[in-house]
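Model the full structure from these sequences, guided by the hints.
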Amino acid sequence: MGRKLLTEHINVAGIDTFDVYRQHGGYRSVEKALKMTPDEVVEEVKKSGLRGRGGAGFPTGMKWSFLAKPEGVPRYLVCNADESEPGTFKDRQLMSKLPHLLIEGMITSSYALGANTSYIYIRGELLYVLRILEKAIAEAYAKGYLGKNILGSGYDLDLHVHPGGGAYICGEETALLESLEGKRGNPRNKPPFPAVQGLYARPTVVNNVESICAVVPIVNDGGDEYAKIGVGKSTGTKLISACGHLNKPGIYEIELGVPVEEFIYSDEYCGGIWKGRDLKAVVAGGSSVPILPKDLILKTAAGENRLMTYESLSDGGFVTGTMLGSGGFIAMDETTCIVRNTWNFSRFYHHESCGQCSPCREGTGWMEKVLHRLEYGHGSMHDIDLLVSVAKQIEGNTICPLGEAAAWPVAAAVRHFRHEFEWHVTNPKEATAPGAAYRGAAVLA
Amino acid sequence: MAKITFDGIEVEVPDGTTILNAARKIGGGVVPPAMCYYTPLKGSGGKCRACLVKVSAGSAKDPRPMPKLVASCVTPVQDGMVVENTTNPQVLDVRKGIVEMLLINHPLDCPVCDQAGECDLQNFAFEHGVSTTRYEEERRTFDKIDIGPLIQLHMTRCILCYRCVYTANQITDNRVHGVLGRGDAAEIGTYIENVIDNDFSGNVIDVCPVGALTDKTFRFKSRVWFTKPVNAHRNCSHEKCNGHVTLWYKGADVLRVTARKDEYGEVKEWICNECRFDKKETSDWTIEGPAQIERSSVISANHYELPVINPQVIADMPESVVRELEQNPPLKLGGFNG
Numbered sequence: 001m002g003r004k005l006l007t008e009h010i011n012v013a014g015i016d017t018f019d020v021y022r023q024h025g026g027y028r029s030v031e032k033a034l035k036m037t038p039d040e041v042v043e044e045v046k047k048s049g050l051r052g053r054g055g056a057g058f059p060t061g062m063k064w065s066f067l068a069k070p071e072g073v074p075r076y077l078v079c080n081a082d083e084s085e086p087g088t089f090k091d092r093q094l095m096s097k098l099p100h101l102l103i104e105g106m107i108t109s110s111y112a113l114g115a116n117t118s119y120i121y122i123r124g125e126l127l128y129v130l131r132i133l134e135k136a137i138a139e140a141y142a143k144g145y146l147g148k149n150i151l152g153s154g155y156d157l158d159l160h161v162h163p164g165g166g167a168y169i170c171g172e173e174t175a176l177l178e179s180l181e182g183k184r185g186n187p188r189n190k191p192p193f194p195a196v197q198g199l200y201a202r203p204t205v206v207n208n209v210e211s212i213c214a215v216v217p218i219v220n221d222g223g224d225e226y227a228k229i230g231v232g233k234s235t236g237t238k239l240i241s242a243c244g245h246l247n248k249p250g251i252y253e254i255e256l257g258v259p260v261e262e263f264i265y266s267d268e269y270c271g272g273i274w275k276g277r278d279l280k281a282v283v284a285g286g287s288s289v290p291i292l293p294k295d296l297i298l299k300t301a302a303g304e305n306r307l308m309t310y311e312s313l314s315d316g317g318f319v320t321g322t323m324l325g326s327g328g329f330i331a332m333d334e335t336t337c338i339v340r341n342t343w344n345f346s347r348f349y350h351h352e353s354c355g356q357c358s359p360c361r362e363g364t365g366w367m368e369k370v371l372h373r374l375e376y377g378h379g380s381m382h383d384i385d386l387l388v389s390v391a392k393q394i395e396g397n398t399i400c401p402l403g404e405a406a407a408w409p410v411a412a413a414v415r416h417f418r419h420e421f422e423w424h425v426t427n428p429k430e431a432t433a434p435g436a437a438y439r440g441a442a443v444l445a
Numbered sequence: 001m002a003k004i005t006f007d008g009i010e011v012e013v014p015d016g017t018t019i020l021n022a023a024r025k026i027g028g029g030v031v032p033p034a035m036c037y038y039t040p041l042k043g044s045g046g047k048c049r050a051c052l053v054k055v056s057a058g059s060a061k062d063p064r065p066m067p068k069l070v071a072s073c074v075t076p077v078q079d080g081m082v083v084e085n086t087t088n089p090q091v092l093d094v095r096k097g098i099v100e101m102l103l104i105n106h107p108l109d110c111p112v113c114d115q116a117g118e119c120d121l122q123n124f125a126f127e128h129g130v131s132t133t134r135y136e137e138e139r140r141t142f143d144k145i146d147i148g149p150l151i152q153l154h155m156t157r158c159i160l161c162y163r164c165v166y167t168a169n170q171i172t173d174n175r176v177h178g179v180l181g182r183g184d185a186a187e188i189g190t191y192i193e194n195v196i197d198n199d200f201s202g203n204v205i206d207v208c209p210v211g212a213l214t215d216k217t218f219r220f221k222s223r224v225w226f227t228k229p230v231n232a233h234r235n236c237s238h239e240k241c242n243g244h245v246t247l248w249y250k251g252a253d254v255l256r257v258t259a260r261k262d263e264y265g266e267v268k269e270w271i272c273n274e275c276r277f278d279k280k281e282t283s284d285w286t287i288e289g290p291a292q293i294e295r296s297s298v299i300s301a302n303h304y305e306l307p308v309i310n311p312q313v314i315a316d317m318p319e320s321v322v323r324e325l326e327q328n329p330p331l332k333l334g335g336f337n338g
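Chains as they are written, first to last, in UniProt numbering: chain A, 1 to 445; chain B, 1 to 338.
Simulated from the structure, these hints should not be mistaken for lab results.
Each residue gets a CB set at the ideal place from its N, CA and C atoms; glycine is no exception.
Check the hints yourself; a few may be wrong.
As the list claims (entries may be wrong) - With the Cβ distance kept under 8 Å, some of the chain B side facing chain A (calculated, not the full set):
1. C48
2. R49
3. V130
4. M155
5. I159
Have a look at this one:
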């Protein structure tokens, strides 16, 4: 059993209250950090090798050091709690069970960045979590961990929770900032980057909930200690929200470096595929990362065991690899129709495109329509190539990464499961029967 | 100052200039097309992706190429930057894709659209697109929204450049319209049908790159290439309006009034609604002369060039006739007494 840095006490009764959380060692990192200089805290985070847990995996310490620090200008830390990627549900659990862990992380991180006002931008649908957080924040204010002169250190911090309107696009950091400013949640053009001109045109750092929570054990135990967990540049623990056709779906805190095979099949984690069926494919990091067939998710193209790390999962690029992403692990058994699944993902991105830039606005809808056609047996072979071509026209040409997020799953599904698309074209009657799925052998890229 | 190389041409521009404006300084065929960027409107640009270019060297300090194509209208230059536009096949390929994306849900009703002939999307598609489509589905349409007696909103033609939103934000006293909805259901609207009514609202017609916002007083009156643009001015009583306009004549009638635009279709001076909609008599205006229209434009297809008389012919003419020709060039604009 791996170490649990974040979720060790998650099932303790009353852990969402200040007193119980404090009894289990809570808020130690705040006390420790306030005795250090902000730069020392940043240095610890850099040493830890912590990488952004929201999906992109950018080193958090490096992101922090990019923050512009002009004199006399306020800086902001914004926590991105707008978790809405299909298949990802780790932050919700973390916030609703351990609200004080996030608040502790926010205080420590804000101190490191020199921010005196910080925000948690939470997804609008999670209203009940917002209430939990607000209650916890009120407790932290009452105990002197928030507000003026925290623990007599002279450091002030105000923490606000702001609910979004429920748009997926507001999880993109600049759209999040626009929304937080009260505007329509459209992503901004970059540069300028948020580290220079973010919230209210001030230097801003936007971090995922899990990244901010991970700062707590990093400060408590030291960055070096944290970096000992994991493999290579993938350090520490990561929450994986496993769902789909698994015996034990749920949220697992794993030490990075667990083999994918072990994660799926061992009883410690997901316990294998349900109903004794065979695994067909896995989307390893939330719906936007490329889907991989069973053979490629368990072993890399070179035949090595694939591990749950940033590097191992992306081994082989997008030809034979994928990404760790946000940790939304979706397993699909042999009864799954990949065309229908891809259409479903595509429908989501069509619905969630903000409509600001033309390739994404028009292309996501186009892909959805073509996939719908294929799924319902009206497609032609030409449509399959059309899909790849449209995906390529979107990818890389949009303002924000939603374009890529929409294009990657479609391109990868055609790349690895082209035979299923062709089967829908050649055998429309069979393929459109309720619950039909191609059961033939997968073709490796 | 920053020196950049654009398509192999060196140009020096002040720091903070965008790549697009640096290219416009060079001018001619290297300038990337722009469907949403509009110099007079702060914050515009970056949306249509028509102006994507390849930055093959970021700057003199950091000569690494930028990983993705960048929107030239919002990306500032760096000293030593090397940019490829027409010289890069990837850029041209992507641009072809952008045309396709913009056109798949465009109604292509140019034969009945008032904007035809001065439409940015027409020009863009003609220059960079292909003549076929791969889109088989039904095109997206919108219901018509009434936004008052002066401006026609035809949302189905809109390419969501946001120019009219910025115009209303920055030029008029209060913006009553904006973008509603999301994705390909996003539309320009006034939310709970509202009339756009303020002194400068007509400018949204000028900034619209397509026929989504058109002048109701000019609707279906004439194709633009049958009208003749003439620069004129009047003493406008509105404090923010200079009264410098372009009149569009057909015969002796002023069919419409627009602001003056530069070669990139950008308004030079905003005009008020009184000048635009109410002053349609020649007697309201002091005529300055024919407006400059690009030679390649369909509007300049049949007028305005003074007939070129062969110097040999002139030499054979009596001196009095030559003087007469010089004083009264043989061009009469539709019979007004200007």
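Hint check results:
{"no.": "1", "hint": "C48", "result": "holds (5 Å)"}
{"no.": "2", "hint": "R49", "result": "holds (5 Å)"}
{"no.": "3", "hint": "V130", "result": "violated (13 Å)"}
{"no.": "4", "hint": "M155", "result": "violated (13 Å)"}
{"no.": "5", "hint": "I159", "result": "holds (7 Å)"}
Violated hints, in rising order: 3 and 4; the structure is consistent with all others.
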